[in-house]
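Could you put the whole structure together from the sequences, leaning on the hints where they help?
Order-wise, the sequence lines are chains A and B.
Everything in the first sequence is counted per the working numbering, starting at 1 for the first residue and increasing by one.
Everything in the second sequence is counted per the working numbering, starting at 1 for the first residue and increasing by one.
Keep in mind that a hint or two might mislead.
[Said to hold, decoys possible] Partial chain B-side listing against chain A, Cβ under 8 Å, derived:
| hint | residue |
| --- | --- |
| 1 | V258 |
| 2 | D260 |
| 3 | S380 |
Bear in mind the hints are in silico, worked out from the structure with no lab data behind them.
Every residue gets a Cβ at the ideal spot worked out from N, C-alpha and C, and that includes glycine.
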Amino acid sequence: MDVIRNGGEPVTTQHLLVRYAKRGKMRFASHLDVARAFERGVRRAGLPIAYSAGFTPHPKISYAGGAQTGVASEAEYLSLTLTSRAEADAVRDRLNAALPDGIDVIAVAEDSGGLPASRLSASEWQIALPGLPPDNVVPVVQKFLALTEAPVERLTSKGMRRMDARAAVVSLDVLDDLNSGCALLMVVRHTAPSVRPDDVLNALRDVSDVFPAGQPLITRLAQGSLGESGVVRL
Amino acid sequence: MPVESVFSQLEPLLPQVRKPVQYVGGEVNSTVKAWDETDVRWALLYPDAYEVGQPNQGIAILYEVLNEQPGVLAERTYSVWPDMEKLMRVSGIPQFTVDAHRPVGSFDVLGVSFSTELGYTNLLTALDLAGIPLEAGKRTINHPVVLAGGHAAFNPEPLADFLDAVVIGDGEEAVLAVTRLVRAWKQGGCPGGRDGLLLALAATGSVYVPRFYDVTYLPDGRIGRVAPNRPGVPASVRKHTLLDLDAWPYPKAPVVPVADTVHERYSVEIFRGCTRGCRFCQAGMITRPVRERSITTVGAMVARGLAATGFSEVGLLSLSSADHSEINEIAIDLADCYEGSSVGLSLPSTRVDAFNVSLADELSRNGKRSGLTFAPEGGSERMRKVINKMVTEEDLIRTVTTAYAGGWRQVKLYFMCGLPTEQDEDVTAIADLARKVIAAGRTATGRKDIRCTVSIGGFVPKPHTPFQWAGQCPPDVVDARLRKLGAALRADKTYGRSVGFRYHEGTPSLIEGLLSRGDRRVGAVIREVWENGGRFDGWSEHFSFDRWSAACAAALAETPVDLAWYTTRERDYGEVLPWDHLDSGLDRDWLWDDWRSAIEPAEAGEVEDCRWTPCYECGVCPAMGTEIQTGPTGDRLDGRRLLPVLATNGR
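Here's what the structure looks like:
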């Protein structure tokens, strides 16, 4: 908690770290769509959100880089600044009542650390591959992991970018999903330009053609810093 | 039996289309009801993309009014973009609602709201994707009743082949009346089949069923006669007028889109109707009389609407918002209530007077003063008399001076080009006006960085207005005048760079003119255009004039009429107009006299506003059994009672 002076009035603030999910139909919301939904959500929830100074005040919500449009997530982060103290669990419940289903707040905690890249340096992703037997995928993954380099290209807003998918991948496992094929579980470092799970999938496609065309369901499971055994959730 | 959602089929397509979130629904305040617990089911179509259709006030109102009824279900559906249409056709996915992704073909009624004629081709796409036969006559008892409304449905004749029924006027009570008839018909075992229901609707005198009327034509192409072709169908159909807006405070909790849309705000209509008497304005003619919502209802709706949506902007809507009898009190009280919060208030008013500026000042108390729009509409004083927009040059200069002096940096002036009797000099006069505006602004502020933008729209003569008989100005004439204006603006070295100039090419206006005043024969043109790929005609990147003119040539080949006949031709008093049997209440002779007095050079008579001067006998009130409903009520908004439901700004 800290006190800032603005226009002569002391204002008590509280910083909250919010972990939220993008599920179901809402995985098709873009990062901007989610941001707009939160701005309205905090207002509907009646939270004492702080506003920036200036001609066009904006609510003080800062967002960590969001999962891309179409990708689901169980681990998106944002931070809120409130002008008076509120109980973290109550904020979670009020937000959930005010947000569309599918943009779901999982946890709220008092935390003034913000969202620097150092706190969110890697993510764990799952790619569902229904109908694909694990035995077909395991050798492809082994081949990929044996590569020293796996260049992929993607058209970004800054033009065509080239990156090394192999270098960003910390681990890559095949999960047997008994009835419905398998899933890939991967830990990927946050790099610039970022290597996304679909880039890794495209690198795997360069190794083998077992993967069906089209975009499978991708979910971010965790986000945080890299530890001994994977992603340490923030 | 419940109707299955198509979402599981749709989901794999979503990663392949632009802005997939527009198709997923699930927005805050959207409603999904159990299919089997309802017996009258409406799909509400706005025939444009979600980003345009979602904020539409008409659909928002009807969605709530219907869903509040027990046993009634209403879901929304929008035009899908061509990328999605293509994939849906490949995968066999029908037109769906965004609320529960139910196939539109399973509903009882498909209500379509037309704000613009350029949405007509999108209706055909939606019907075709829904598996509903395009021609109303080919539908069976298993298809929804396709029911149109909205301002662009006041002449539904070009769509007569494709629509089962049309309601003109206010929709709130009309949808409930239709619901009752549909329910009674279903509960009674659907007596008389599909036609039985349509007859029951037509017999009310306020639902138009095009198929129950025959149109004959004279050898020269004009209409001979429009007459009912069966008993129990009235010769003319009346518009609906909602009285007592305070009793209908909708929308209370509009859907909050997740996708980006054109208007992101809570809008409350502060009054409906307008009696300013601008002769070009269809909205002002067809929505009479003026019915105000009281200051207390407006205040309560704003407080409740903001709390329900989380929007940060409020729009006080109407055709001329500064004309509300207590607008000053509304503006001051709302500004008081929301001062220090981050709620923005806006008043879409284009009235050219200092009062309008002081209202804008009030509403922008804690915000940025970016731009103000005024609409003189006509460039010369003579032109403004013709259109009955009685604004003098002195009025305009005084108004913009007040605005610039009040800290507004940018003034936008809206004009029309192609008005009846217009000459080149009426349009080039705009350059002179813009010069004087900038000069006045520089004098008032002592600064050179003030700006003025001149924005021009092509005039399209509309049904139910005094200009319904006018010949539309050909696009090449409009384009030539605008080129001259552009040259005059650019030639000015002193002021030219402070003036922006915006206009659109004239050809879409000509097609809007064809669809606005067309008759049933234009249906074949719409179909031809649609079959040749016509979609989203309101979007310049999709509109093709060549496609429309080729379709006119092909579809009208066997008739004595053509595109020019429908658009640039002036009509006589005696000609039967395609919409004459649709009664907006306006007295035809009053409209005609107003038209003649507009274009008689000597007498261009002013028609004043009946709210402040005696009735000028437009005919609406006696014909419709309505009356002007205005204040003042003398009430004020109490900020402490009204608010604060919202967090205050911590600055």
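Status of the hints after comparison with the structure:
1. A hinted interface residue such as B/V258 counts as satisfied when its beta carbon comes closer than 8 Å to some beta carbon of chain A; here the least separation is about 5 Å, so the hint holds.
2. Against a cut-off of 8 Å between C-beta atoms, the interface hint on B/D260 holds, since the closest Cβ of chain A lies about 7 Å away.
3. Below 8 Å, beta-carbon pairs count as interface contacts, and B/S380 has none with chain A, the closest being about 38 Å; its hint is therefore violated.
The earlier numbered hint that this structure contradicts is number 3, and it is the only one.
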